[in-house]
Amino acid sequence: MKVPSITAPSNLNLDKKKGSAFLTAAKKYKLLYLMIFPGLVYFIIFKYLPMGGLVIAFQDYQPFLGITGSEWVGFKHFIRLFTEPTFMMLLRNTLILFALNIVIFFPLPIIVALMLNELKNRHLKSWIQTIIYIPHFMSWVIIVSITYVFMTLDGGLINEVIASMGFKKISFLTSPEWLRTIYIGQIIWKEIGWSTIIYLAAITVVDPQLYEAAEMDGAARLRKTWHVTLPAIRPVIITLLILKIGSTLDLGFEHMYLLLNSLNREVAEIFDTYIYTAGLKNGQLSFSTTVGMFKGVVGLILVMASNKLAKKMGEDGVY
Amino acid sequence: MKKRWVSMLACVTVLSTLLSACGGDKEAEKNAAVADENTPLEITWLNILHTASPPTETIKKLLEEYTNTKLTFNWVPDASKEERITTALASGELADIVTLTMMTNSSVRSSLKSGLFWDVSPYLDDYDNLSKIAPEIREAASIEGVLYGVPFQKNLARSGLIMRKDWLDKLGLPVPTTLDEVYEVARAFTEDDPDGNGVKDTTGFGDRSDLRYSSFKTLSSYFGTPNGWKVDESGKFIPEFDTPEYMETLNFSKKLYENGYLAQDFAVTAKTDQQQQFAQGKTGIYTGMVDISSLRTLSQDLQEGLELVPINKISNGDGKYHIWSEGSGVGGLMAFPKSEVKTEAELKRLLQFVNDLIDEEAFMLMTGGIEGTHYEYDENGAYKILDKELWQADVQPFSSSRPSEIAYTLKDANPEKQLANELIRENDQYAVFDPTVPLDSATNNEQGTELAKIITDATFKYIMGQATEDDFKKAVQTWKDSGGSKIAEEYEAAYKLTQK
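For the protein sequence lines, the chains are A and B, in the order given.
Position one of the first sequence corresponds to residue 1147 (this note's numbering), numbered consecutively onward.
Position one of the second sequence corresponds to residue 241 (this note's numbering), numbered consecutively onward.
Don't read these hints as lab results, they were simulated from the structure.
All values derive from a computational prediction rather than experimental measurement.
Heads up, some of the hints might be wrong.
[As the list claims (entries may be wrong)] As a list, the in silico DSSO-like pairs of lysine-lysine whose alpha-carbon atoms are at most 30 Å apart: (1) Lys1314(A) x Lys495(B); (2) Lys1427(A) x Lys301(B); (3) Lys693(B) x Lys1427(A); (4) Lys1314(A) x Lys511(B); (5) Lys582(B) x Lys1315(A); (6) Lys588(B) x Lys301(B).
Using the sequences provided together with the hints, build the complete structure.
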């Protein structure tokens, strides 16, 4: 009987210690904790509170009646979403573009970073870097407009060149088969330079001794890249991949909305553009909330799955 | 996207609660102002802006003086009206007067039907100018027989073609009166080098990615296609794209496109680009007579010897003319939300204000500005703008806010513009109405805009040769199956009620 009576107070003590430990830590690092504060407030106000608005997905939401006054309709909007023929089209387009993003775009900055790393001429290296990351600062409106000017049938530069070589002009902008190429091409052009920065930073912290050791073992350049540099930046790659998957279905509303037209809709309409037209332009607030919620849930599942997978493979994951 | 929007919604909700909490004093003030006829009434007006920037204070001050009010405008750019108006309706961030132009938009319709706005029909006849609003206009502007605001009165049909008269003359072609002749002009403008520079660098028909306000709908009404819907003898509703005339228009446009007589990238061209192409002499036919003076302004210093001719009468060879009417002469509503306009007295004072805007003096302020500064009448009594830039800055934004555009007729000193104005008036005789304008369909309110995409896409594809007639028929069937038939039934039912 004595044992529990001894352990109980000691447990209490421990708890107290824990509490006071937090307090002392908070006191000690009060500046750091203060710095968390704005971020915390931001997330609460802009990310967590609005989640309450998701209830309108289960209502026939009428703004003037408000959430409390609107009629509850259960899963009506979900049923509509899953049974509408557009759903399969949206899912297919979104997933294909997502896959293109991961398979084609994701590895490119890594390759570019490795290549830049091999450049010994520092000036040339920084020059190339600057050139390729400038497009990141342009808005999609500008990039899509530039593409239009180059690719239009009525006097676009690319089509003029094609015509002058005796071939038939290609209607890039209105053919469904060109949409994905143009989409991923624009992303590569805009983002490749910017995305290399983080990999280049990761490469700089690789221990030079590892290279020296590899050299002693007779490794050539390619071998060193493969066996030293790449494994060294692997955690960074995995982390970025998981983060990328997290924003899975955020394919860039603005980008796609600008490319979308009546002729390429079958491949270009994605969840983002659909939510915009259904919700903001047509005022179907409940329905578009449903679509958005579905998108969010799929994204969450994908992140959790890929994080788990990464941990299984012995990596750290993001959380 | 979604996250951002939901957060926006939340913010707006929070804001509006805050605002309504501290709006008490203002309310009292307003009531006091209503009670006292001599103090200017404070009016807020959520209005659509059709120009690049809001107007200066000059005209506003004079209008305030004339109507004994104090005006605060909340301008919504036309390009973003869909998002802005729907969010304003959704958040209840409204004003005393709300300009609603998108009468077919589902959220506008549902908010009107939900009783958010005053029914003005019992009051109109108490005011000189408002009582003159024709019964047809009142009916067209109503939803299920209720008039939720003062209708903007416009000309019944404003559409028509504009052609390069100098090119026609150069090629020895007459001004076309039939569709075959229009086709011939498009061909000649493309192939016979109308600008005489020896290079084949012109396209007959300019167009843009809009089936309604650009060429397609106008051409289709020349073919005799019904406007929106056709009602047969038995009261059945048939959508316009399920008629042989629509198919004829499709084939006509397809032939133009295939032969290169129609701008090849029209499906991705914006209005400003279409106007630029015309102004630069790349195209020779433009749809939309109202734009005649802006086309001339744009082409200044670019096209020497430019002459324009507006055309309204084109027949399908049978000598009969038709032109589709936008909203049966209703350009939208000036609606008064019950959340802002609390009492009947306030409503009456606001109606008085709208009524005063139709008075000749206010009409001229909003049309031409100040006589002697912005405009003058020449020796023939024709109206002429003196300083275009000043007029654009001070007056132009108000011109589309006029409750009535048809109250007074001005003679324009610019002969092209004057002719276009006359032709628009002449269009009244040939106007084809959309029978569904005063009717309501729940399915259309909910899904109509989404469903319309099916037909729009199929139409573009057919014209550009990416779809066959079978594909188009299939699209029509898909439209019917996914809710179109239901819309037709609902319109039929609503129509029967009005016929009784």
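Hint check results:
1. Lys1314(A) x Lys495(B): holds (19 Å)
2. Lys1427(A) x Lys301(B): violated (34 Å)
3. Lys693(B) x Lys1427(A): Between lysine 693(B) and lysine 1427(A) the Cα gap is close to 13 Å, so the pair holds against 30 Å.
4. Lys1314(A) x Lys511(B): Holds, at about 27 Å.
5. Lys582(B) x Lys1315(A): Not satisfied, since the Cα-Cα distance of roughly 62 Å exceeds 30 Å.
6. Lys588(B) x Lys301(B): Since the Cα atoms of lysine 588(B) and lysine 301(B) sit roughly 22 Å apart, the hinted pair holds (cutoff 30 Å).
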